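The two chains are supplied separately, each in an independent frame; assemble them into the complex guided by the hints.
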Amino acid sequence: MKLINTFFFHIGQGIKGIFRNPIMSTASLLVLVCCMVVTGTFALIIDNINKNFEALDDVNKMIVWLDDAPEAEEGEESGESAEESKEENEYNLHEYDKKTEDAIKALEHVVDVVFMSKQEAFEEFKQSEGSDAEFLDWFDAEENNPLRASYRITFASDTDTENIRYIKKAIAEMGFNEENIDENIDLYDNLINVKGALTTIALWLLAVLFVISLFIIMNSTRLGLHSRREEIQIMRYVGATNSFVRAPFVIEGVVIGLVSAAIALGIEYYLYTQVISGVIRQYEAIVIAPFTDYLLVLSIAFAFIGVFAGLFGSVISIRKYLKV
Amino acid sequence: MIELKNVSMIYPNGNAALRNIDLTIEDNEFVFVVGQSGAGKTTLTKLLIAEERVSDGEMYINDFRMHRLRRYKIPKLRRSIGMVFQDFRLFDNKTVYENVAFAMRVVGARPSEIKKRVPHVLSLVGLAHRAKSYPDKMSGGERQRIAIARALVNNPDIIIADEPTGNIDPEMSKAIFELLMRINKMDKTIIVVTHDHNMVNYYNKRVIKIENGHIVSDTPAKAAPAPAEPEHADKEEEGAEQ
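For the record, the sequence lines run as chains A and B. Residue 75 in my numbering sits at position 75 of the first sequence; the count goes up by one each step and never skips. Residue 38 in my numbering sits at position 38 of the second sequence; the count goes up by one each step and never skips.
Extracted from the complex, chain B is given alone in its bound form (with noise of 0.2 Å):
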């Protein structure tokens, strides 16, 4: 579960990007983000994987405190999220096979692991037939599918897609949230960063507008389930290292 209570962040150059944000993402949840740009959602997505801190408030990532969260912690944390980004960021000069790999090699999982792992998670994304290809010679929509397995491989709860879709042509759009959705329901947290109003409108899901550093509507989706209070009085840091 994710839980943000009164959180702001402030650039050091005085910039409020987010204030007093309450917010609840259930395990599970697919959840919308959208806002125009410059209204916080990037800064909410470097928060959720520890890139920036939080100014002020509390934030829970499961058993991470992310508001005491200590810097040698941060790796443990961004193993438990995969993370696709608008721009990929893949490796150009690895295959296919070896960029999905590396993330597992990271983590220290053994040889014979990676070997079972990667092609299942490949075939998984729908590009176990591209293994050996270098993503600078594929689609936009094919390097996004890498990005995805990559953030998929390693098992995390969490997945945060800052616009998946914005470097893709519309048809392949629909076959990346289509993808997303699938791996929602393999028991993951989705959060989905996008400016792309149709996909949005098209999914019945919960949608969190933020404008201004503040969230000015929470639609949750027909069948999302209701928000549970929450309980931190057991959230202890050590409880995230064991």
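Looking at chain A on its own, in the form it has when it is part of the complex (with noise of 0.2 Å):
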């Protein structure tokens, strides 16, 4: 009973702290906000160029092409040959197979493998051109159909280069030319650079920004203890302990922490939703993933950077003032 009426006692007197202190409240309250709000956006931009990145069609993707088989007529020898060859490797590589389109799916860090016949890619290849395709009326897709069948690879998006390259050897091995398998490998690894690169630069500055509220925060905590000096050192005469003068402070500063997360929360949602997807909107290149994909985290970090920021702030500022 005596420790709860204490507690009641000391939410009481910390929310009366806020409005006693009304200055020095909100411009913690200010700070909070404009750090919160700053942080968020950057890494809401950040993420959104992450997720850019991973949706860029091909990069990600690995084709195999397929050789035409060999002309029956060519001669008995070639056609020998080519008995050769199919009886020394189990994989047919001029046809779509079934064996081979398993055994690519197979390999590690492959999640689609899609067979793309010499027809479908006339017709793909076709529709692409739209109305520039007049000149593939010379080609019939049955009879003269330069173009050849594939095997489409889709590999996991997290997969790093050297493992790429280890799924295009495994093709290779299994009897496939290596001038056939085209990929991306370059193109991979510098978006992963720049993705690194961009993910480093980020939690620097996150981390910098982070540093810089909680200074600032710690300095108009000192600033708000300073002119209630006083008050504490009337506490400690009375035979008040550390953690009694401490916990109005405590709990001022949290309350001011969670307040300044809903709003900086509040203040996020329309900056995203209004003023950057707004302007990103205009390139219709770029995706914008919902504000609903943040809200949780968002609410989740600006809550523990505020309670932290309020808990720690207070804490570290009030020591000088118990040595009463």
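Since the hints were made in silico from the structure, they are not lab data. Just so it is clear, the structure is predicted and the values come from calculations on it, not from any experiment. Beta carbons: idealized from backbone N, C-alpha and C, even for Gly. Among the hints, erroneous ones may be present.
[What the hints assert, rightly or not] Quick look at which bits of chain B chain A covers, simulated, 3 or more residues with Cβ under 8 Å:
| id | segment |
| --- | --- |
| 1 | 66-78 |
| 2 | 104-114 |
| 3 | 202-213 |
What follows is the structure in structure tokens.
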């Protein structure tokens, strides 16, 4: 009962403290809101850049081209040699083969394998060219189709270049000519490097912003405490324990932190849905994630920053005044 | 009982505020501490409430071994001492009632206990009718009475008043001293640090004079009991916790 009384007394004192020092409370609140909004906006932008990189087509794809099967009329000798190579190799390197498809699918990091026949490739190309496809009238999908059949392989987006090389090598070992295997290792490598650099910069900036926020919070808390040092002295002289002195200030800091988090979340919502999305929507190629994707994580992060900054700021700042 | 044995207090800057002080103050005594500014009076009060630590010697307040007092025990010590300051040190944003009740809150008193005790103490200092007023709207004498009520509310054994009439007109000063005398009769030890020689001469109480960190005279009150020999053999720090 005694503890409950004291607890509610501290809560009351903490909340009263906020209104008793409105200027300092507002200053702390504004500083926290600014830091959270800057940090949050930066994090959201970085995450969207990353997501757009991941969404880029063909970056995590590999194409294995199939050579046309040798013509039968070319003679007995060549026919024999084709037969021989077929016997030597258990995979069909010229036509669709379920076994080949399954073998590729079984490779680590491969998530999908799609076979595209010569005819399908011809139709796809024709469609992609649209009205400029008139020159394709010279060709026929069945008769003199110049395009080749292929396996389109998709691997996991987090696959590193070493593993992509491993996939390529494994496919080559199945009998495919390495020249017939197309990948985007260089582009992929560059993207991974850019992503890595962006993430590193983002993390550093976030850390710096967080430290700056904390520093400002601590200073504004310290200023607030300085104006109330007599109050703390009185508490100490009447026999208050350190925790009793600290409690209302800590509660005050935490409440300010939580209110700041709620305000920052509201501002962030407006900024993201109205300002950032509005600007980015002008560029069709860039996809922007909905705010709801971030709502939970942002709420937790802001609440954590608010509570931590309030708690840490008040605990550190008050130490000096507890030496009375 | 308060006992200082060969106590010295030297500040970090090398200033020796008190040197080789031997002093015993019995329970329920009323003592004036006088001396010029910088003589060491304030340092003595600071030692008594553990705001400063003795540099050398031994010091005891009831069951507290002050020269070895752990930091976490300071609040407990201060709850057994009521402190009255020249500048009152009141919460101007709290009412008279809240100021006095706050001292009880600090020690974790129950609300029902606070409701009972605070009006009683306020009537004792003659401020029952001003319970809802704010200190900054009151006279110096009234403010000092609030401070005395706050010092008294947790029923401490000792009350230390540091220049309690320093900011009060002579008429009010007498009322404050009268109040302290009355409290002394409630079996409280009262230590008053003052410059007010008129009051010191008026009341026939023990007077300790400090100069340059030394006790230069210790004049007993005519009716004051003779100081007893110190007995510290059984004063263990553990005892203070019991």
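Margin query: If you count the residues of the segment 66-78 of chain B with a beta-carbon closer than 8 Å to a beta-carbon of chain A, do you get 3 or more?
Written below: Satisfied; 5 residues make the cut.
Notebook entry, point to check: Are there three or more residues in the segment 104-114 of chain B whose C-beta lies within less than 8 Å of some C-beta in chain A?
Noted result: holds (count 6)
Check: Given as covered by chain A, does the segment 202-213 of chain B meet the bar of three residues or more with CB within less than 8 Å?
Finding: Violated - the segment 202-213 of chain B has 0 residues with a Cβ nearer than 8 Å to chain A, which falls short of three.
Consistency note: the structure conflicts with earlier hint 3 alone.
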